[in-house]
Every structure is written in structure tokens, then in C-alpha cells.
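Trainee: Here's the letter readout for the chains.
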Amino acid sequence: MAPEASAASIRLDSLEAAPTPEAAVRETAMESVLVAAGEIGYREVSVKSILERSGGHRVQFYEQFASKEDCFARAYATWIDRLCVSLLEAAATAPGWEGGIRAAIVRLFEFATERPAMTRALLVEGQIAGEPMTARYEATLERLAAAVDSVRADIDPAAAPPEATGSFVIGGIASCAAEALTAGEPSRLWDSLPELMHFAVGAYLDSEDAEGAFERAHVLLERRRARLAEETQR
Amino acid sequence: MTELRLISGAALAEPEPAAAAPPRLLPGRHGMPADLVRAHQRQRLLAAAAAALAEQGYGRLTAARVTELAHVSSRTFYQHFEDLWACVLAAYEEQAARLCDAIERAGAAGAGIAAAIEFLAAEPDVARLLSAEPPPQIAALAAARRELVERLGAMLRAALAERDGATPLPGLERRLVGAALALVASRAAGGDPQRLRDLEPELTELLLASL
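Chains A and B supply the protein sequences, listed in that same order. Numbering-wise, numbering that gives the first Met the number 0 puts 112 at position 113 of the first sequence, and it's gapless, one number per residue. Numbering-wise, numbering that gives the first Met the number 0 puts 8 at position 9 of the second sequence, and it's gapless, one number per residue.
Don't take every hint at face value.
To be verified - Example chain B residues on the side facing chain A (calculated, C-beta under 7 Å, incomplete):
| no. | residue |
| --- | --- |
| 1 | Q136 |
| 2 | G170 |
| 3 | A178 |
| 4 | A181 |
To be verified - Pulled from the structure, derived: some chain A residues nowhere near chain B, Cβ distances all over 12 Å:
| no. | residue |
| --- | --- |
| 5 | G55 |
| 6 | L87 |
| 7 | E109 |
| 8 | P156 |
| 9 | S186 |
| 10 | A209 |
| 11 | T231 |
Unchecked claim - Not close to chain B: a few residues of chain A, all C-beta gaps over 12 Å, as computed:
| no. | residue |
| --- | --- |
| 12 | H56 |
| 13 | Y61 |
| 14 | Q63 |
| 15 | C83 |
| 16 | E88 |
| 17 | A91 |
| 18 | L219 |
| 19 | E229 |
| 20 | Q232 |
Hints are computed from structural coordinates only; laboratory data are not their basis. Ideal placement from N, C-alpha and C gives every residue a C-beta, glycine not left out.
In isolation and in its complexed conformation, chain B is listed as follows (with noise of 0.2 Å):
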């Protein structure tokens, strides 16, 4: 993670919700609000929990291995966030609304399916956060994985529905959404964003077609 010295807290404006962790601010005096300083922390925490998922997968994911990658104490972790499945879930959630907010731009079903890839395709670690399905033992983390595909599948049917007045057998998008997302999850694996580029026309025939 590259280092960006500041000379003043007018160099860094509020962090943007992204997969890839905002630099670390040096330790010290560099006269930033505090509050800024603590948003700073938090993304850089959330970009972090996607990284060491993508890392070692939920078997194997610690908080201190988030600590370690987002360069914060353990003790900061833990003023943020009361463990480490509540930032797992804060990391999710924000992307999952980021990839939705993606989808809704592009509007058209096909525009959405492929926005949908790249967005998946330009932070290959938010691809594996989204994909990989949630330990179940983590009651929220499974909901918000559920809510996710209800969500795709609503905005799926609704696209459907606009383009040809198709009225697709209920149900069958969270079927179809959670076949793209076995899918994603396979080609985002290996952590080459081009296997994930090419699946878009596929997908994209498979997705509409079979509604």
C-alpha cells in the first residue's frame, strides 16, 4: 500500500467508498479533523476486510489481518467496529449498494448486466466479497447475501419487464442471479479481471434469454 505524506488535512477530502484502501495517513500531527481521520480509518478498514477476504477466504479471515493490511491498531479496529464479522458486514453491504447504484445507472438490462461485470471486474477483490457465499453461521452476513439477490432479481425482473413486458415465472431470477453469481464467483477465483470481462456477452445471453 503505497504512503502519501500530508502536508496539511486540506490535501485529503472525505474518502469515497472503494474496494482499493485509501493511502494511510502518517502517524502524528497533520492536522486533520478528527472526524475526517476516522472516516479515513473506516475505509481504509473496509477496503481491507475485501482484500484479506480475497486473501484467506472466510476459513482462514482474522481481524488482525485486516488490522495489519488497512496499517491500523487493533485497538482502533475495535473502536470501529465491535468484531470482525461487523466489518466484514459493513464491507459487503457498502459494496453491495455500490454495485446496485452501478447496475441502476447503466438503466437497460444488457447496459446493467454490463456494468455490472466491469464494476465486479475493476475491484476483483469486491467480486470475491460479493460472490463467495457468507459462512451461514453469521446470521447478518447470509441476510445481506439474501437481500443482495433479491435485490439483483428485482432490478432484473423490472429491466424484463420494461424492455418486452416479460413476466418471468416467480422466482426464477433469484435463481437466475444466484447462477451468476456461482458464475462470478468461479472466474473472480483466480483474480484475473479479463476471465470476468469475457463472461459478460454469456452472460448477458444467458440472463435474458432464459426469462
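The following block holds chain A by itself, in its conformation from the complex (with noise of 0.2 Å):
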């Protein structure tokens, strides 16, 4: 079984960097860790189930990696760097503060839609794995928050919201991507963008600026719309 389509927006820089045969085996291996957790639950992954995703030999395996262990944690230390930084890429191209919150969302919302089971991988079963990995998504998040806070500089002291507001943000937006892939509905993650972005502009600006960002939401869901259904029809 081959790994899920590569994401266009996330690069593989070891791939890039080191097209090694072993860095290649090891590539391929992190991937269908991962790709297999999402698939199965990381409870019941074996080095068997990586395998049968990499197409790799147990020898070949145990080179790269002392255990399952070992190679899902260097996956998702990797993985979840990987996406973290496309986020914030995305967000950092986009003009003003609430595009950049709507590209990264719709970011990660692309690269769920592409790789259902790897993104499932890096919001759930991480945290169902332990630590090292519940540490690296908390880090993960706090860096994401601290993007979302920078809004901060911008508003009048007097009516800052809460410190813990960005971590807030970010929060719910991941639980809300965790519940659409839990529920494996990777597509319904698309119609809660309007209402994911009145929530984040909500938790920092006042309710007119969370009705704008809804409605700029709703048009931008549906050009999306309209453009898949245009392909459709060719």
C-alpha cells in the first residue's frame, strides 16, 4: 500500500536535502508510521503494518530505527515541525492579521484533505501515543498561538482579551480539525471555516469584526465551491 499523495504545500526537505538510499528508507518509513496510525490507531501498529505501507525490509527497518516507538516519535517530531511551518508560512504571505489566519486554516485544511490519515496521525494519535509527542503538539501549538497573539500589539491595552487567548484559538481550531477527522469526514473540516473564523477574530476583536470575517469566509468557501464543481463538470 503506497503512502498517501504528497502534499504540494509541505516540502520534504530530507528528501530534498539527501537523497541517500537510506534517507530515502527512512523518509518512507516516518511517512507509513504515520499513515498508519491514522489508518489504524496507534495502538495497533506494528513494525508489520509500517512495512506493508513501505515496502521496506525488517533489516532495513531496524538500521534506521530501534522500535515502532523510535520511528513514530522521530515521524511526528518531523511531521509536525513540517506542518507547523507551512502554517506559519501560510499565514506570513497572506495580507493583515485575520488572512493570515484564514490561509494557515485553510492550509491545514488542505493538507487534510490530501493526507486524511497523516494529519489524524498529528492532531490525535500523538496525544493517544504519549510522550515524547504530547510535549512536541503542546509546543507546537504554543508556537502557533504565539503567531495568533501577535494581533496583541494592535489593540488598546485596556481591552487586550486573556493572555491564555491564543492558546485558546489555536485550541479550538485543532479539536475542530480532530473531531471532522476523527469522525472521518475530512471534507465537512471545509464548512466550518466561516465559523472557525468568527471564533479566532471573535476571541481577540469585537462581534462586527467576527461578522466580517465570517462573511469573507463564507465567499471564499464558496468560490471554492464553485471551482470544484467547475472541474467536476470538465
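Since each chain comes alone in its own frame, lean on the hints to assemble the complex.
Mentor: Set out below in C-alpha cells:
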């Protein structure tokens, strides 16, 4: 079974930098352990289930990793970081704070749509697996929360929201994505875009700003639906 | 876990649901009615499931550790539950109901949030049980989690409507509950109840202002 289709938005740094046979085996095994965890659950993953997806041999696997747990921990660290960097890049290249949040959520949804099993592994199975994945997940959320919180500089200190607002917003977005992926309905994610924008903007700004963010996300969603319908007709 | 030597069955009332496991009964003759012994074992198993989950996480959780913490045999465990997940589900449902009761008893929205935080801070194992994302493959557990989010969301919506007639965007309350549970999970992970208590004023502001 081949790993999920590669997401164009996420660069495979290690493959690009060092395409040695060992690096290729390592990269494929790391993708496969995450896909396996997303498909069958972390508790059910075995070296056999990884090899069924990666196509490698047990000896090659143990040349690279001490165990299934080692493989998962390294894969998790690598891919949660790639996803985080990709979301931050999307936010940084979009105009304005609201546009940055929307672009990052859209990037997350694109990744989840293209690679549902891997996204499920990163957002849900990592926490089930325990440490060190839990700490890595928390650190990632904090990094994203700090980026969301950058708008605080533009808010009157007297009207500033609580310190935990960034974590609250990122936790809400992550739990929404986890919910849709857990239910096995990644396509449902897109429907939640306007609601999530209302939630994120409303946590920092006033209700008028939140409603504006909802409307703009709704327009974007409608355009996306029209584009997909057009592509399907062709 | 403290052991308690019982002189007679009258010394022990019907066990109340609680996270901290009731003390084990000493083996042998103690004159207690069989159904009371059984209820007591069940409470110990439910508390042990929460404790084992806090200790091992879903990834490493085993029925063996639950029975060990509950001081019952494997045979007793399977007399009560079909498997590990049936035990965890029973613990989850019981504690979810207790959390909702605590919020309902508190009444108003702000008081309800404070009651929820105090409930979770007082029982860190329960805080982890209720806030951690369960394995999606355990469908009944995932459904119980969804049900809790729905119920907490409905309570939040009702409390807000009662307070100032606010009608939040449909579905927004579920996002807020999801965000609140994520914050609780993060604060509960270290096992320090004060970190959870410190969250109360901020969480109250975030939940009420966002709606």
C-alpha cells in the first residue's frame, strides 16, 4: 500500500537535501508509520504494518530505527514541525492578521484533505501515543498561538483579551479539525471555515469584526465550491 | 491506596462515584452483602481506570494496570466489564455526568464555569480523562466525548440566552467547548491542580465574551 499522496504545500526537506538510499528508506518509513497510525490507530501499529505501507524490509527498518516507538517519535517530530512551518508560512504571506489566520486554516484543511490519515496521526494519535509526542504537540500549539497573538500589539491594552487567548484559539481550531478527522469526514472541515474565523477573530476583536471575518470566509468557501464544481464538470 | 480494615458490612455505605478509588476491602469474610461488595469493586475499577489513564495515557493503557490499581483480580475485572474499553467508557460516562451535574447545580454561566474548573482541579485524574482526546477507533468512547461536547455546548448556550438573551452563531458553542477542553488538557497534563484553577478567570472571560 502506498503512502498518501504528497501534499505540494509541505516540502520534503530531507529528501530534497539528502536523497541517499538510507534517507529515502527513513523518510518512507516515517511517512508510513504516521499513515498507519492515522488509519488503524497508534495502539495497533506494528513494524509489520509499517512495512506493508513502506514496502521496505525489516532489516532496513531496524538499521534506521530502534523500534516502532522510535520510528513514530521521529516521524512525529519531523512532520508536526513541517506542518507548523507550512502554516506559519501561509499566514506570513497572506495580507493582514485576519487573512493570515484564514490562510493558515485553509493550508491545514488542504493538508488534511490530501493526507487525512497523516493529519489524524499528527492531531489525534500523537496525543494517544503519549510522551514525547504530547510535549511536541503542545510546543507546536504554543508556537502557533504566539503567531495568532501577534495582533495584541494593535489592540488597546485596556481592551486586551486574556493571556490564554492564543492557546484558546489554536486549541479550538485543532479540536475542530480533530473532530472532523475522528468522524472520518475530512471534507466536513471546509464547512467549518466561516465558523472558525468568527471564533478566532471574535476572541480578539469585537463582534462586528467577527461577523465580517465570517462573511469573508463564507465568500471564499463559496468560490472554492464553485471552482470544484467546475473542475468536476470538465 | 490506603487499606481499611472493616469489622462489619455496616461500616461501609454504598460507594459514591469518585475519582479517588474507595479503599479496597480486605479479602476473606467480612459479612458484607454481595451486591455491596460488587458495587464497591466497580467504583474502585472506575477510579482506577481514570488513574491508570492519567499515568499511562491511552497509548499504553492496559486492563492489567487498572486491576492492579483497583486491587482486584483479573477475573473480577472481567466479571464487571467485557474489556478495557468498556471500563474506560463507564468511567468516562460517570465522570461526564458528574461534571454536568456540578455545572447545573452552580446555575448561572459564570458560576457554572467556575464550578467546572473546581470540579476538574479537585480531581486531576478526572480532568485528564474528560479532556484527553480518546482513540477514534474506540467508537463508543469517541461518541461519549462528542456527547459531552454537545451537552456542555448546549448548557453554555442556554446559560447565555438566560443571561442576556444572546443567540450565538449556531455551532460556535461547540468550538468554544472544544477550545476550553484543549486548554484544560494542556493544564491538566502536568498534574498540578493550581494551574487549572488559575485558568478560571481567563476561561470565563473567553467563553462569555466570545458569545
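Trainee: All hints, please: hold or fail.
Mentor: Status of each hint after checking the structure:
{"no.": "1", "hint": "Q136", "result": "holds, 4 Å"}
{"no.": "2", "hint": "G170", "result": "holds, 5 Å"}
{"no.": "3", "hint": "A178", "result": "holds, 3 Å"}
{"no.": "4", "hint": "A181", "result": "holds, 3 Å"}
{"no.": "5", "hint": "G55", "result": "holds, 24 Å"}
{"no.": "6", "hint": "L87", "result": "holds, 19 Å"}
{"no.": "7", "hint": "E109", "result": "holds, 20 Å"}
{"no.": "8", "hint": "P156", "result": "holds, 15 Å"}
{"no.": "9", "hint": "S186", "result": "holds, 16 Å"}
{"no.": "10", "hint": "A209", "result": "violated, 8 Å"}
{"no.": "11", "hint": "T231", "result": "holds, 27 Å"}
{"no.": "12", "hint": "H56", "result": "holds, 26 Å"}
{"no.": "13", "hint": "Y61", "result": "holds, 21 Å"}
{"no.": "14", "hint": "Q63", "result": "holds, 22 Å"}
{"no.": "15", "hint": "C83", "result": "holds, 16 Å"}
{"no.": "16", "hint": "E88", "result": "holds, 23 Å"}
{"no.": "17", "hint": "A91", "result": "holds, 24 Å"}
{"no.": "18", "hint": "L219", "result": "holds, 17 Å"}
{"no.": "19", "hint": "E229", "result": "holds, 28 Å"}
{"no.": "20", "hint": "Q232", "result": "holds, 30 Å"}
Consistency note: the structure conflicts with earlier hint 10 alone.
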